[in-house]
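A.B. asks: Sequence lines, in order, name chains A and B. Just so we're aligned, residue 1 is where the first sequence starts under the UniProt record's numbering, counting upward by one. Just so we're aligned, residue 1 is where the second sequence starts under the UniProt record's numbering, counting upward by one.
Since the hints were made in silico from the structure, they are not lab data. Any given hint might turn out to be false.
Unchecked claim - Partial pick of chain A residues on the chain B-facing surface, computed with a CB cut under 8 Å:
{"hint": "1", "residue": "N2"}
{"hint": "2", "residue": "Q3"}
{"hint": "3", "residue": "S6"}
{"hint": "4", "residue": "H7"}
{"hint": "5", "residue": "R11"}
{"hint": "6", "residue": "L14"}
{"hint": "7", "residue": "A30"}
{"hint": "8", "residue": "S32"}
{"hint": "9", "residue": "C42"}
{"hint": "10", "residue": "V46"}
{"hint": "11", "residue": "V49"}
{"hint": "12", "residue": "H50"}
What the hints assert, rightly or not - A few chain A residues that don't get close to chain B, going by computed Cβ distances all over 10 Å:
{"hint": "13", "residue": "P4"}
{"hint": "14", "residue": "R31"}
{"hint": "15", "residue": "G33"}
{"hint": "16", "residue": "V34"}
Yeah, the Cβ is synthetic: ideal placement off N, Cα and C, and Gly gets one too.
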Amino acid sequence: MNQPISHRLSRVVLLLAVLLPLAAGAGALARSGVPATVWEWCVRFVAAVHSHAPFS
Amino acid sequence: MGTSIVWGVGIFLYLVAAWAALTWVSAPLALICAGVGALAGTVTALLLTGWVFTGGDSGVRVMTPEQVASGAAGGRKHPNLPRRDTAWAAYFAGPVVRDVRGVWGAVVRVTRRVWGFFWREELRQIYLALFPFTLPAAIGLAVFTLSGLGVALAVTVVTAALTTVLWLLGGALTWAMRGADRAYQAIFRSKTGCPHEDCWYVNPLPAYRCPGCGQAHRDLRPGRLGVLWHVCECGRRLPTTRLRAGHRLRPVCQRCLRDLALGAGKLTDVRVPVFGATSSGKSRFIMAAFGSLHLAAGDAVEAADIDSDRALRDYDRDLTADLGTAATAVVPPKAVTVRLRLPGRRLNGACLIHVFDAAGEYSQNREINEELSYLDHARTLAFVLDPFAVRAVSEQAGGDLLGRANRSLHDPEDSYAVTVQRLQAYRVKTHERCLAVVVSKADLLARMPLAAGLVPEDDSVRAWLAGQGLGNLVRMAESDFRSVRYFLVSSRKGAYGSGMDALVPLRWLLAEDGVELP
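Take these sequences, add in the hints, and give me the full structure.
C.D. replies: Right under this line is the structure:
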């Protein structure tokens, strides 16, 4: 049974409404430097773990 | 003792090695696996969302028009008529929920499969044996799962927000359109009566046929199936509201599903039952009234259906040739309906006039009179009274005149009482209705001395009736109805334009119903 074209259009709109903010959010996040900071924390954490590790 | 020392040293070395693996291998690898898991989970969930929204997931059940009719899209079901229509639901009124459920279902399904793949029975022992090295994979899988669920949650939140906004906007528009539609109906009195015999249902909202597949749509109001348009099962877009549907779609009766006149539900609807005893001149009066209406309005008046067109042609033929009128069959009548354009009105430039002509037997017999439910819903009525049925007149008239008059043998007062008492028995508020008392056969009556001084004016006819022993009938009528007027009518073609024109009472009745004839 063919669904009305309005349903398909609504789904496209909905998909865009999900993807566009997500893409915009990802772009803003990348520009904000948050991932680099988080990565730096992670590296420090690993380094801290290493300092207590055998053979360090 | 020696064995214990060996075991102790072994366990110590294993723990040291595990700790070293955990810190030097697993911890950095866990970071990488978490990143990969997050990316994979997000991309997978987004792809699944797109897959569901593009209709790729056959697991998402389509909300079909049949399911909508059985209540899948919600909404109240009125007790009197089937109100839920068989049409597609508006996307944000039902199908969207199924799609969001479909996204969750797909994400959970894929995540379970991924976990199931990596946590197979045969691999489980290996993971445990290689424990510290396999920890990053477990962290990657956990992050993959959380990312996927996070995307599903984001889709749900965005959808809920968008749906809420659209419901608020759509709801406001729906109530505004419904309000305007109802106000229009109340102002222009456009509830339409079914003209068909044995139905006569007054439709507050007609059903409309889809021009594509012919299916009757019982509820084309703005709502869950669409604010501006509904979509038929066949895919045809149908405009909502009586105002917009009335322009383009064929209306049908909600009860009997037979065709109504084009524009029914949108145009002002006037129903005029004509009652009176047998041979009182009802049919002739109706013929003459339609004949005069055609002469007065010209092309502005037209038959609204095939049967009415045939009836009007027969009327014209009989009047022109001055043929005698055959007795009306004792069957429930179908209304003769005409569409009349009203040039002075901008918003509602036409009206439908239904005239019901039941056989006189219905006005003489209380039992069969009960069948005529259209009487209950008329705002105006016409009672046709044969003056030759009055004893004083028939005694004075000669045999030749009585023969030509084909006089009614039934008491006018009784034929009035049968119908009006039936209305009151059914709690019809007759004191809110109008009644035209039509004294027929005026051309023959004028030949009698008894009618000397009788002129076709309300007071004169009223006084004459009272003077001929029908004072009780006059008093009853004036006490029963809000407004009563008396008319003297000749149903011959030559009466057009005179005071005895059959159009005069029809004009008054229509004016009482808000329709001014041209």
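A.B. asks: Beyond 10 Å from every Cβ of chain B: is that where the Cβ of A:V34 lies?
C.D. replies: With a cut-off of 10 Å, A:V34 remains clear of chain B, as the shortest Cβ separation is near 14 Å.
A.B. asks: Mind verifying the non-interface call on A:R31? Its CB should be farther than 10 Å from each CB in chain B.
C.D. replies: Non-interface label stands for A:R31: nearest chain B Cβ at 18 Å, farther than 10 Å.
A.B. asks: Measuring from the C-beta of A:V46 to each C-beta in chain B, is the shortest one below 8 Å?
C.D. replies: holds (5 Å)
A.B. asks: At a threshold of 8 Å, is the proposed contact between A:H7 and chain B supported by beta-carbon distances?
C.D. replies: holds (5 Å)
A.B. asks: Have a go at the A:A30 hint: is there a Cβ in chain B nearer than 8 Å to its own Cβ?
C.D. replies: The hint is violated - A:A30 has no Cβ within 8 Å of chain B, the shortest such distance being about 13 Å.
A.B. asks: Holds or violated: is there a CB of chain B closer than 8 Å to the CB of A:N2?
C.D. replies: holds (6 Å)
A.B. asks: Given a cut of 8 Å on the nearest C-beta pair, is the interface hint for A:V49 held or broken against chain B?
C.D. replies: Holds, because the Cβ-Cβ distance from A:V49 to chain B comes to roughly 5 Å (cut-off 8 Å).
A.B. asks: Return the status of the interface hint for A:Q3: holds when the least beta-carbon distance to chain B is below 8 Å, violated otherwise.
C.D. replies: holds (6 Å)
A.B. asks: Can you verify the interface hint for A:L14: is its Cβ closer than 8 Å to any Cβ in chain B?
C.D. replies: holds (6 Å)
A.B. asks: Can you verify the interface hint for A:R11: is its Cβ closer than 8 Å to any Cβ in chain B?
C.D. replies: holds (4 Å)
A.B. asks: Measuring Cβ to Cβ, find out whether A:G33 lies farther than 10 Å from everything in chain B.
C.D. replies: holds (17 Å)
A.B. asks: Holds or violated: is the Cβ of A:C42 closer than 8 Å to a Cβ in chain B?
C.D. replies: holds (5 Å)
Hint compliance for this structure: hints 7, 8 and 13 are broken, all remaining hints hold.
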